[in-house]
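Taking the hints into account, I'd like the entire structure generated from these sequences.
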Amino acid sequence: MSSVANSTLARRGTVLSVALLVVFLAAWQWGPGLLGIPPFIIPPLSMVYHEFLRMLAVSALMTHTGITAAEVIAGFVLGSLLGAFFGYILGMSPTAEFALSPYILALQIAPKVAFAPLFILWMGFTVYPKILVAILIVFFPVMVNVLSAIRTVDPDLINLARAFKATRAQIFWKIEFPASLPPLFAGLRIASTLAVVGVVVGELVGGNMGLGYLLSFGEGQANTAMVFVAILMLTLVGGIAYLAVILIEQRVLHYLPRRSFSAT
Amino acid sequence: MSDVVRLEYRNVTMRFMERSGKSLTAVEAVSLAVGDGEVVSLIGPSGCGKSTLLNIGSGLCAPSEGAAFVDGERVEGPNAHVAFMLQKDLLLPWRTVLENVMFGVEIQGIAPSERQRRARALLENLHLFEFAGHYPHQLSGGMRQRVALARTLAIDPSVLLLDEPFSAVDAQTRMVLQRELAQTLEREGKTALLITHDLLEAVTLSDRVLVMSRRPGRIIDEIRIDLPQRADPLARRQEPKVNDYIGRLMERLDIGAVEVAGGPP
Chain A
-12 MSSVANSTLA RRGTVLSVAL LVVFLAAWQW GPGLLGIPPF IIPPLSMVYH EFLRMLAVSA
48 LMTHTGITAA EVIAGFVLGS LLGAFFGYIL GMSPTAEFAL SPYILALQIA PKVAFAPLFI
108 LWMGFTVYPK ILVAILIVFF PVMVNVLSAI RTVDPDLINL ARAFKATRAQ IFWKIEFPAS
168 LPPLFAGLRI ASTLAVVGVV VGELVGGNMG LGYLLSFGEG QANTAMVFVA ILMLTLVGGI
228 AYLAVILIEQ RVLHYLPRRS FSAT
Chain B
562 MSDVVRLEYR NVTMRFMERS GKSLTAVEAV SLAVGDGEVV SLIGPSGCGK STLLNIGSGL
622 CAPSEGAAFV DGERVEGPNA HVAFMLQKDL LLPWRTVLEN VMFGVEIQGI APSERQRRAR
682 ALLENLHLFE FAGHYPHQLS GGMRQRVALA RTLAIDPSVL LLDEPFSAVD AQTRMVLQRE
742 LAQTLEREGK TALLITHDLL EAVTLSDRVL VMSRRPGRII DEIRIDLPQR ADPLARRQEP
802 KVNDYIGRLM ERLDIGAVEV AGGPP
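Top to bottom, those sequences are chains A and B.
The opening position of the first sequence corresponds to residue -12 in my numbering, with each subsequent residue numbered one higher.
The opening position of the second sequence corresponds to residue 562 in my numbering, with each subsequent residue numbered one higher.
Derived by calculation from the structure, the hints in this document are not laboratory data.
Heads up, the beta-carbon is just placed ideally off N, CA and C, and yes, glycines get one too.
Among the hints, a few may not be true.
[As the list claims (entries may be wrong)] Label-pair distances were calculated between CB atoms; the ranges are: (1) 27/A - 654/B: 49 to 59 Å; (2) 654/B - 22/A: 30 to 40 Å; (3) 750/B - 139/A: 37 to 47 Å; (4) 579/B - 156/A: 46 to 56 Å.
Rendered as structure tokens:
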């Protein structure tokens, strides 16, 4: 595709996106009234906006958002590091993989969010159980991607390095590690959104901090607009995390042919 | 060409254990010697163990019996005297052309300034200099194979093992690459063992062609190619004797009815 055709596509796509947003916001503002849906089911846009301003002033919205964001970052970073570490270890040691795979599979099948109450029993109403749920949920996509990347490195590439008398460490740092980076980043993209899920579940289950807490508090008050604000802020946190991963990915994987900015 | 033997296989036999537990003989009692500066081609049916011989020569696997020698030294493992090049270019996508060419010398711990000097000289010779900063995905298949050739030559091996290096590129690019390889081998005085399916390639590029049998692979014929200008395979193609050689190779390989113009000698 030529760059001209590409830029035309980008311009058309942007116009369409903005138009869709306007239609969506308008439908949100006037749709419920026209269809006779009461505000406690779907509060109109303006009501949600006023609730947002109220929460900023009264409910320490930014503090709660900051706490949730910090938990997301901590859970994402620690979970990714652990996932990548185990991915590399298992990828390079078939014995370790053989021995550990049934347990890893079992842990992967178990619904991670179900651990949240357990972690709160262990660690109380602190930030730690939330971070732990995020770590657990982030761990798998990263580990699985790194593991399969290491195992699918072209054996001829390894042989080439061996023929040059490469040491095991050289094979890892010059071939296996760089070859694993594209799949690693694919895993990190998924992980960045899953980290938010893990943290919110933790906050919903117990505690009095974070957007998940505001979510359940709003629900208890039958304050639908508050629930909407919390959902929007959570989406914002997740979106920023996802965008951060993409920006780092584009710097690290600059050698790949340019792809369109796609959400995968 | 001197009498120095650069690459030698002495009575090499290779057996593999199949999953069923049966042993499979890939190569049987192969002995061959390649002299200094000589280019020898190895042809044979698929699965006759040609690539196995290459792996043994590069020290990536040890033969069941016999041994390979490079520069008179027994091959016990990978060593700096031998470099191989495959049908796949095996370029690393995260390295630029220049960095890919330096891959081998970097692993061997050669000083950065010397690495640069060698890689740049090779890129110059192979008409790749202006692409030094490009990434592999920006190159055509033929250019990628040339980068692979430069990487192979960068470690300055005394023997090159080439396993169907041009079978993945289109016919026209292949002719250009064959000529560049021939010129490079001539200029650098390198010794090469070339594995190929392409009879014309074997005849136009080599001093000698060895024919292998079906599995278990044995060497069943040796044909000395008595043609001028080994460095110019395109000119060699025009020689009438080329057809005679190809006819004889087809006969040895049992390819169809041998009714090639000129017929077998």
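Which of the numbered hints above does this structure break? Result: hints 2, 4 break, sorted rising.
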